[in-house]
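Engineer: Here's the letter readout for the chains.
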Amino acid sequence: MSDYDLEVDARGLLCPLPILKSDQAMTTLPTQGKICVLATDPGIERDLPAWCAVNGHILVSMTQQGRHWRAIVEKGS
Amino acid sequence: MTHASIEKTGVIRALGLLSGGLDSTLAARLLLEQGIEVGCVNFHTGFCIQSHTSAIRNPKPGAPPPRHDALHAAQSLGVKLHMVDISSDYVRIVTDPKHGYGKNLNPCLDCKIFMVAKAWAMAKELGYHFIFSGEVLGQRPMSQRRDTFPVIDREAGVKGWLLRPLTALRMPETEPEKMGWVDRSRLEGFNGRGRKPQMALAKKLAITDYPSPAGGCCFLTDENYTRKLRDLWAYRNNRDYSMEDILLLKAGRHIRPAPHFKLMIGRDQSENLFLSGFRKGRMTIQTKNTPGPLTLVEGEITAAEDRLLACRIAARYSKGKDLPTVQLTVDDGNVTEVVEVTPLPAHELPDHWHV
Ligand code: SF4
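Just so you know, the protein sequences line up as chains A and B, in that order. What the first sequence shows, in the working numbering, is residues 1 to 77, in sequence order. What the second sequence shows, in the working numbering, is residues 1 to 355, in sequence order.
For reference, chain A alone in the conformation it holds in the complex (with noise of 0.2 angstroms):
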């Protein structure tokens, strides 16, 4: 079984296309649904808590491995 609900592939993509992504990914799930986000883009290290922040999310984890991010959100309510 996988950790997350829904993956949103953003490699490739530049700030602020991964959290713009990942924003509408959320919107289709329930409080508590899970994304995966995968991002090449380093901007994601400081973008993605701090838009968890403000929306209310919970930044399960995030690993980088070179210039590769994966990261798990978790939607709040």
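Hints are computed from structural coordinates only; laboratory data are not their basis. Heads up, some of the hints might be wrong.
[What the hints assert, rightly or not] Once the Cα atoms are required to be at most 27 angstroms apart in a straight line, the calculated DSS-like pairs of lysine-lysine come out as: (1) K103(B) <-> K250(B); (2) K21(A) <-> K34(A); (3) K250(B) <-> K280(B); (4) K124(B) <-> K178(B); (5) K80(B) <-> K118(B); (6) K159(B) <-> K98(B); (7) K288(B) <-> K319(B); (8) K98(B) <-> K80(B); (9) K8(B) <-> K103(B); (10) K98(B) <-> K288(B); (11) K80(B) <-> K124(B); (12) K319(B) <-> K21(A); (13) K8(B) <-> K178(B); (14) K34(A) <-> K80(B); (15) K280(B) <-> K21(A); (16) K21(A) <-> K124(B); (17) K21(A) <-> K80(B); (18) K21(A) <-> K250(B).
Starting from the known structure of chain A, fit chain B with the ligand onto it as the hints suggest.
Structural biologist: Only chain B with the ligand this time, still in chain A's reference frame:
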């Protein structure tokens, strides 16, 4: 939401246009200080400078990664931020602005009207009572003038419902002020291009972490960028553009040796990496036996002399530019071939080829 909702809850809600710069941040703070519930909206047009430039260029080692100003401003203000992608609707604004362009290809007045109208529609939908912006009278030559503010308000259909807290004392009273929702005496009357009053207010409100003021909010005010956009339109014979087009104008050295093709050559490691994301559908040229940039070819080149010229130019920007010959790999998507050419000497590359 109707005015009745205020009577019921006592809560006044305002939606602000937030760029993340100091002015829009201050405007939001002035309303928050009055106990108004603030939410903000930030529009993505595709031309935002800060985001793309910082993403194309690698941050200096040890420097923090780039960040989205509006998002971080919203976080420190503690307000909700609606991020809206308007890039596809925005094409019409850029290609055919009713009020024309500013100094470069910036359609500021049409842009403002579009954003304000959009924000007002969102406000009504999301239950905000009025909208606000961080505009200051006389600050920008095209959109922030005494005679253009009323044009924005009228054409965006928001007359009386757009409050500009930083310059309000120089403007007629707006509806939220008349209704007593906003205390006019606690607004400002800033004017002109100076930044001192804003900085003093920031200090008073203990706002310290804000981006340095940029020349404009987008690439359309940038002379080099708009030259490339004009070139693209001229040689394509129409003014449409795709997201990919406008992204590619942001990176690399652009050289047009002939009307039917243009070369885009990475200027450093990060631009090469960026350009490599756009190989699909384009011929690429990469040096083989010496370090050199990645070159993308925009346009069809089938004639042997065009290909030779493209390769000689690409070789000129490699470390082997002074060698008698340089080997290059040319990939047109179907066939990959290795060629050996003499780098083009500087005097054979006229200035007007540089876009
Ligand atoms: S600078 Fe760009 S984003 Fe700002 S008002 Fe002008 S066109 Fe719009």
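Engineer: Against each hint, give a clear statement of whether it holds in the structure.
Structural biologist: Hint by hint, here is what the structure shows:
1. K103(B) <-> K250(B): Between K103(B) and K250(B) the Cα gap is close to 19 angstroms, so the pair holds against 27 angstroms.
2. K21(A) <-> K34(A): holds (14 angstroms)
3. K250(B) <-> K280(B): holds (18 angstroms)
4. K124(B) <-> K178(B): Given that 27 angstroms is the threshold and the Cα spacing comes to 19 angstroms, the pair holds.
5. K80(B) <-> K118(B): At roughly 17 angstroms apart (the allowed maximum being 27 angstroms), K118(B) and K80(B) satisfy the hint.
6. K159(B) <-> K98(B): Within the cut-off at roughly 19 angstroms; holds.
7. K288(B) <-> K319(B): Roughly 11 angstroms separates the two Cα atoms, so the pair holds.
8. K98(B) <-> K80(B): Measuring from Cα to Cα gives roughly 33 angstroms; hence the hint is violated.
9. K8(B) <-> K103(B): violated (49 angstroms)
10. K98(B) <-> K288(B): violated (50 angstroms)
11. K80(B) <-> K124(B): holds (16 angstroms)
12. K319(B) <-> K21(A): violated (40 angstroms)
13. K8(B) <-> K178(B): Holds - the C-alpha atoms of K178(B) and K8(B) are around 19 angstroms apart, at most 27 angstroms.
14. K34(A) <-> K80(B): This hinted pair holds, its Cα atoms lying about 20 angstroms apart.
15. K280(B) <-> K21(A): holds (22 angstroms)
16. K21(A) <-> K124(B): holds (24 angstroms)
17. K21(A) <-> K80(B): This hinted pair holds, its Cα atoms lying about 17 angstroms apart.
18. K21(A) <-> K250(B): Roughly 22 angstroms between the alpha carbons, so the hint for K21(A) and K250(B) holds.
The earlier numbered hints that this structure contradicts are 8, 9, 10 and 12.
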